[in-house]
Amino acid sequence: QKEVEQNSGPLSVPEGAIASLNCTYSDRVSQSFFWYRQYSGKSPELIMSIYSNGDKEDGRFTAQLNKASQYVSLLIRDSQPSDSATYLCAVNRGDYKLSFGAGTTVTVRA
Amino acid sequence: GAGVSQTPSNKVTEKGKYVELRCDPISGHTALYWYRQSLGQGPEFLIYFQGTGAADDSGLPNDRFFAVRPEGSVSTLKIQRTERGDSAMYLCASSQMGSGELFFGEGSRLTVL
Chain A
2 QKEVEQNSGP LSVPEGAIAS LNCTYSDRVS QSFFWYRQYS GKSPELIMSI
52 YSNGDKEDGR FTAQLNKASQ YVSLLIRDSQ PSDSATYLCA VNRGDYKLSF
102 GAGTTVTVRA
Chain B
489 GAGVSQTPSN KVTEKGKYVE LRCDPISGHT ALYWYRQSLG QGPEFLIYFQ
539 GTGAADDSGL PNDRFFAVRP EGSVSTLKIQ RTERGDSAMY LCASSQMGSG
589 ELFFGEGSRL TVL
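From first to last, the protein sequence lines are chains A and B.
Going by our numbering, the first sequence opens with residue 2, and the numbers climb by one from there.
Going by our numbering, the second sequence opens with residue 489, and the numbers climb by one from there.
None of these hints come from the bench; they were simulated from the model.
Please note that a few of the clues may not be correct.
[Said to hold, decoys possible] Think about it this way: if two alpha-carbon atoms lie no more than 16 Å apart in a straight line, the pair counts; the simulated EDC-like pairs of lysine to aspartate or glutamate are:
| id | chain 1 | residue 1 | chain 2 | residue 2 |
| --- | --- | --- | --- | --- |
| 1 | A | 98 | B | 544 |
| 2 | A | 68 | A | 16 |
| 3 | A | 98 | A | 4 |
| 4 | A | 98 | B | 571 |
| 5 | A | 3 | B | 574 |
| 6 | A | 43 | B | 594 |
| 7 | B | 503 | B | 574 |
| 8 | A | 98 | A | 28 |
| 9 | A | 43 | A | 84 |
| 10 | B | 499 | B | 594 |
| 11 | A | 57 | A | 4 |
| 12 | B | 566 | B | 512 |
| 13 | A | 68 | A | 84 |
| 14 | A | 98 | B | 532 |
| 15 | B | 499 | B | 545 |
| 16 | A | 98 | A | 56 |
| 17 | B | 499 | B | 589 |
| 18 | A | 98 | B | 589 |
Using the sequences and the hints given, assemble the complete structure.
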């Protein structure tokens, strides 16, 4: 079983719609959770971090965490063509090391 | 500089050659990571430095791979006797100690012919 699993996509959404990305992790002791965005040919950049159960909102992005279900999600509201990228879920067990999923590719159709 | 700097951005070499990839982290960041990313995959952990020492090198695939950070700042990833399977994007990241929030450089794309 992989440590972090994501649907690979691609996920295609029309401009202005909500994009919903899901991530599950295997290690129950995981403590902190991150979403990175990676444009084609570029390196990952951090867009959201979440540490406790519930929702965390930052602009058009909302991260949701459910530790009991070992599940993290990212919602992108009012999707824009500039949101087209691969979104990487990353999990930290409380030490220094991030484990990444394979990423979900999102395409926003104008 | 303001961000993590990696050189070279692109390296093409022949099978069996030796390669060095360099990373200059964000000033003040004590933690430095090397990851490797293949097409369609997420970054794969290679090694972590806290200060000058390699705190965890468990992700290095074999003894052809080695990394140093002699003064606690710049790091070099060294690959001996390169193989075609080593071809990938090598990403360096730095962070404040223990934060888990990594800042990545633009990567060094290695191609082994």
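Need the status of pair residue 98(A), residue 4(A): alpha-carbon distance at most 16 Å? Satisfied, since the Cα-Cα distance of roughly 12 Å is no more than 16 Å.
When you check the alpha-carbon spacing of residue 98(A) and residue 544(B), does it fall within 16 Å? holds, 9 Å
Does the structure keep residue 68(A) and residue 16(A) at a Cα separation of 16 Å or less? violated, 31 Å
CA of residue 566(B) to CA of residue 512(B), is that 16 Å or under? holds, 15 Å
Would you mind confirming whether the straight-line C-alpha gap from residue 98(A) to residue 589(B) stays at or under 16 Å? holds, 10 Å
Pair hint outcome, residue 499(B) versus residue 589(B) [Cα-Cα no greater than 16 Å]: violated, 28 Å
16 Å Cα cutoff - pair residue 499(B), residue 594(B): Status holds; Cα separation ~13 Å.
For the pair supplied as a hint, residue 98(A) and residue 532(B), is the alpha-carbon distance within the 16 Å limit? holds, 11 Å
Does residue 56(A) sit within 16 Å of residue 98(A), going by the straight-line distance between their CA atoms? violated, 24 Å
Given the hinted pair residue 98(A) and residue 571(B), is their Cα-Cα distance within 16 Å? Since the Cα atoms of residue 98(A) and residue 571(B) sit roughly 26 Å apart, the hinted pair is violated (cutoff 16 Å).
Quickly compare the C-alpha distance for residue 3(A) and residue 574(B) to 16 Å and report which way the hint goes. Roughly 22 Å between the alpha carbons, so the hint for residue 3(A) and residue 574(B) is violated.
Holds or violated: residue 43(A) to residue 594(B), with C-alpha atoms at most 16 Å apart: Holds - the C-alpha atoms of residue 594(B) and residue 43(A) are around 6 Å apart, at most 16 Å.
Hints 2, 4, 5, 11, 13, 15, 16 and 17 from the earlier list are contradicted by this structure; the remaining hints agree with it.
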